[in-house]
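Residue numbers (my numbering), protein chains in the order written: chain V, 1 to 153; chain P, 1 to 276; chain E, 1 to 413.
No lab work stands behind these hints: they were computed from the structure. One or more of the hints may lead you astray.
[Said to hold, decoys possible] Listed next, the in silico EDC-like pairs over lysine to aspartate or glutamate satisfying Cα-Cα at most 20 Å (straight line):
id, chain 1, residue 1, chain 2, residue 2
1, P, LYS222, V, GLU135
2, E, LYS164, P, ASP4
3, P, LYS222, V, GLU79
4, E, LYS277, E, GLU402
5, V, LYS115, V, GLU77
6, P, LYS268, E, ASP163
7, P, LYS257, E, ASP368
8, P, LYS87, E, GLU103
9, P, LYS87, P, ASP4
10, P, LYS268, E, GLU278
11, E, LYS177, P, ASP4
12, P, LYS257, E, ASP38
13, P, LYS268, E, ASP368
14, E, LYS277, P, ASP269
15, E, LYS68, E, ASP51
16, V, LYS110, V, GLU100
17, E, LYS87, E, ASP38
18, P, LYS87, E, ASP38
Please read all numbers here as calculations on a predicted model, not as lab measurements.
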Amino acid sequence: METLERILAEHPFFAGLDARHIQLIVGCATNVRFDAGQFIFREGEEANEFYVIRHGKVALEIFVPGRGPVTIQTLGEGEILGWSWLIPPYHWHFNARAIELTRAIALDGKCLRAKCEDDHDLGYELLKRFAHIVEQRLQATRLQLLDVYGVHS
Amino acid sequence: MMSDPMIPRQYRISRVRRETADTFTLELTPVQDEGTFSFAPGQFNMLYVFGVGEIPISISGDPANPRTVVHTTRVVGTVTRAMGTLKRGDVLGVRGPFGSHWPVEEAEGNDVVIVAGGIGLAPLRPALFYILSRREKYGRVVLLYGARTPEDILYRRELGRWRAQFDLDVYVTVDRATGGWRGNVGVVTTLIPRAPFDPLNTVAMVCGPEVMMRFTALELRKRGVGADNIFLSMERNMKCAVGFCGHCQFGPTFVCKDGPVFPYRRVKDLLAIWEL
Amino acid sequence: MTQAQTFERFIFDRQYFLSLFEALTRRGYCVVGPTVCDGAIVYQELTSPDDLPIGWTDQQDGGTYRLKRRNDQALFGYVVGPHSWKKFLFPPRIRLFRARRTERGFNIVLNDVASPPAPDTPYSALNDPPSGISPSIPIHPTAPKFAFIGVRSCELHAIAIQDKVFLGGAYVDPTYKVRRENAFIVAVNCGQAGGTCFCASMNTGPKATVGFDLALTEILEPARHYFVVEVGTDRGAAVLQDIPHRPAHIEEVQLAEEIVARTARQMGRQLDTTDIKELLYRNYEHPRWDQVAARCLTCANCTMVCPTCFCSTVEDVTDLTGEHAERWRTWDSCFTMDFSYIHGGSVRASAKARYRQWMTHKLATWIDQFGTSGCVGCGRCITWCPVAIDITEEVRAIRASEPNHKEKTDGNT
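Just need the whole structure built from these sequences, with the hints factored in.
The structure is reproduced here in structure tokens:
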């Protein structure tokens, strides 16, 4: 677990957290691995974890009848996958699928939710970090909506 | 007789290459053997199609090859449409090169991040050629390229070659994945936070639609790249390219002679003003 | 044009104005100057002093221009009309080249923009029957040698401003250069200010101080009608030698000075230029732009009459056979939608953005671009605006809206 602790402590997402909070988070962490093509989670399932991607690439997909799976976004090394674990009703809105061999650290969201309720300082620190992720994804989505490369007339 | 900057010189098309459904690349050589055409990465030419009209197009070739003038163009209007019907052997009028250039020399000793959106890769290509030919003078070199769909990606073969190079990090992303695309999906700005460069020793060169450049500059600033080390290439209507016609004004600047490449600090506030 | 080493003034009488015409014509100049045409005083080729607007004056206000009879026989008893000298130096429409299709391309068959005409070619003969396209449009394949009669001080400044645009940069416009270098300038100091004049505010008049070969002050006395002459160049001095003249008496010189001093006090408009660049730069977003845009018809009159507006466009045309092509340069205006068009649409789609562009360019960005204001205070844009938009009023409104507009800044950083 020492390596996990080091990896998490050094990850920019967790930068600035108390050692005590890191310890709490490490307690909810496990190493995971997904083969290319393997689903990490699926739309509608309970969202009980998030992932720190260490290596590989993950596609967020939605199935569109007639078009098949459409990739909304890809996430790679160093990025955080999943924030539905933090927001009721704790269900995934998209499929996540490894598009190449992917190694990640899975963090148990159920466990973290309980710890956040017990320790609001931890809760606030995590919420701040996820708010930032949500903001980034929202900005990127807005930009994507503009279709800036298209010819408009 | 005085030389008139409004009179085009004749260049013959030596090669036409289709890049995507709506873009193509022309390679031109002078009709009269006038020697060489030298330009700096980021500069542009005015291309004239006989009787149809003239438009500014950035130069996309290798600055080390002064025998050939290369332009990658997207079909968006009357002149580009007519240009798209030209064949090998046909003649175009060329005026140029005009305008400011990417700070490729000033960037020596630094990491270089090139951020391109859509057809914006075309004016950055000469900078890449230049840098790669003097690779040892730079730190890390990163190309972040965003296209609309996988089918809209320019210079595919070259990108593949560059990607295979160990001394160049190439990241390509598309806004909309189609078909069997297995690469990145998401706007090009999402590549910036984790791209491998040292923000405090980086020169960033950005070209793409204005909105994309605005957000890219913000993202680079967030990462810690200085406003003086970010460069953008602006686009405006141009008729003369030499500062006479007034069309390309962007606040106090003339894009044709003060630009098209500007330090971000110079245009940052102007970019925020609507309909400037 | 070397500056003549003299501060003397000379006198010639009204009757010898013809000698000035003759001296200029003899030197191969095409004499252009003010004349009455279609209810306005315009600048045209003149054949004799009889063509001048003798005994006419103009009344001007926002959106208003009327000719009126004077009760004297003044030659220059008006202010300025809708024309400016830029139409001669920077022609409204000029062919830049002709080209002929060849098997796989084209040849540029003619580039006659910059070649000067034979010295004795009359201007009217330069209206060559055009070969090829647009036979109805007169073209000037060769550049005439103009003598401008009656150039106002604000107009001298306007010419100096256009010099910076067309001659002062990395590229030189040969069309302008050849016309400009050949032009002989007879300035006339203003004996009265118009209702829309504000040259005193812009430090561009009413007294001609630079940029002329000869400068005249017209003096009408009950029994005498004469001109006080100041020589600006050796070329001017040579022309003066061909006109019967004598040194001026000190009283005559003083009288001339009083006339322009009185004109300076008569300005119909004022414009406070204090920190005007900064004022406009910090007011790109201001409700006043919406208000003026609600009135502005984006008709482009202001840019057409402005003596400094230099924007142009290029038209590439072919004849019906498709074998011949020409490139024409024509005046353009930032008030048109096409002006800022890039694929997908116009950058300045709203009237607000276009008015703001024009006024901010004229009074602010011009300073950054060329080191001078783009406004000389001639008032034409006010007079010829169909809805009487007044640039001085627009600046005043923006200035007045600022919280501490009456307090002078004391240089605090």
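Hints and how they fare:
At most 20 Å may separate the alpha-carbon atoms for a hinted pair to count; LYS222 (chain P) and GLU135 (chain V) meet this at roughly 14 Å. The suggested pairing of LYS164 (chain E) with ASP4 (chain P) holds, with an alpha-carbon distance near 17 Å, which does not exceed 20 Å. Restraint check: the Cα-Cα separation between LYS222 (chain P) and GLU79 (chain V) comes to about 17 Å, which is no more than 20 Å; the hinted pair holds. At roughly 14 Å between alpha-carbon atoms, LYS277 (chain E) and GLU402 (chain E) fall within 20 Å of each other, so this suggested pair holds.
Only pairs whose Cα atoms come within 20 Å are accepted, and LYS115 (chain V) paired with GLU77 (chain V) is rejected, the gap being roughly 27 Å. With a C-alpha separation of about 31 Å, the suggested pair LYS268 (chain P) and ASP163 (chain E) falls outside the 20 Å cut-off, and the hint is violated. Using a Cα cut-off of 20 Å, the hinted pair LYS257 (chain P) and ASP368 (chain E) holds, with the two alpha carbons roughly 14 Å apart. Between LYS87 (chain P) and GLU103 (chain E) the CA atoms are separated by roughly 13 Å; this keeps the pair inside 20 Å, and the hint holds.
Between the alpha carbons of LYS87 (chain P) and ASP4 (chain P) the distance comes to roughly 28 Å, so the proposed pair goes past 20 Å and is violated. As the CA atoms of LYS268 (chain P) and GLU278 (chain E) are separated by approximately 17 Å, the hinted pair is consistent with the 20 Å bound. Pair hint LYS177 (chain E) plus ASP4 (chain P) holds up; C-alpha atoms about 11 Å apart against a cutoff of 20 Å. Between the alpha carbons of LYS257 (chain P) and ASP38 (chain E) the distance comes to roughly 42 Å, so the proposed pair goes past 20 Å and is violated.
Straight-line distance between C-alpha atoms of LYS268 (chain P) and ASP368 (chain E) comes to about 17 Å, which keeps the hinted pair within the 20 Å bound. At most 20 Å may separate the alpha-carbon atoms for a hinted pair to count; LYS277 (chain E) and ASP269 (chain P) meet this at roughly 15 Å. A hinted pair counts as satisfied when its Cα atoms are at most 20 Å apart, and LYS68 (chain E) with ASP51 (chain E) qualifies at roughly 17 Å. A C-alpha spacing of about 27 Å is found between LYS110 (chain V) and GLU100 (chain V), which places the hinted pair above 20 Å, so the restraint is violated.
Simply put, LYS87 (chain E) and ASP38 (chain E) have alpha-carbon atoms about 18 Å apart, close enough for the 20 Å limit, and the pair holds. Distance restraint check for LYS87 (chain P) and ASP38 (chain E): the Cα-Cα separation of roughly 53 Å exceeds the 20 Å cut-off, and the hinted pair is therefore not satisfied.
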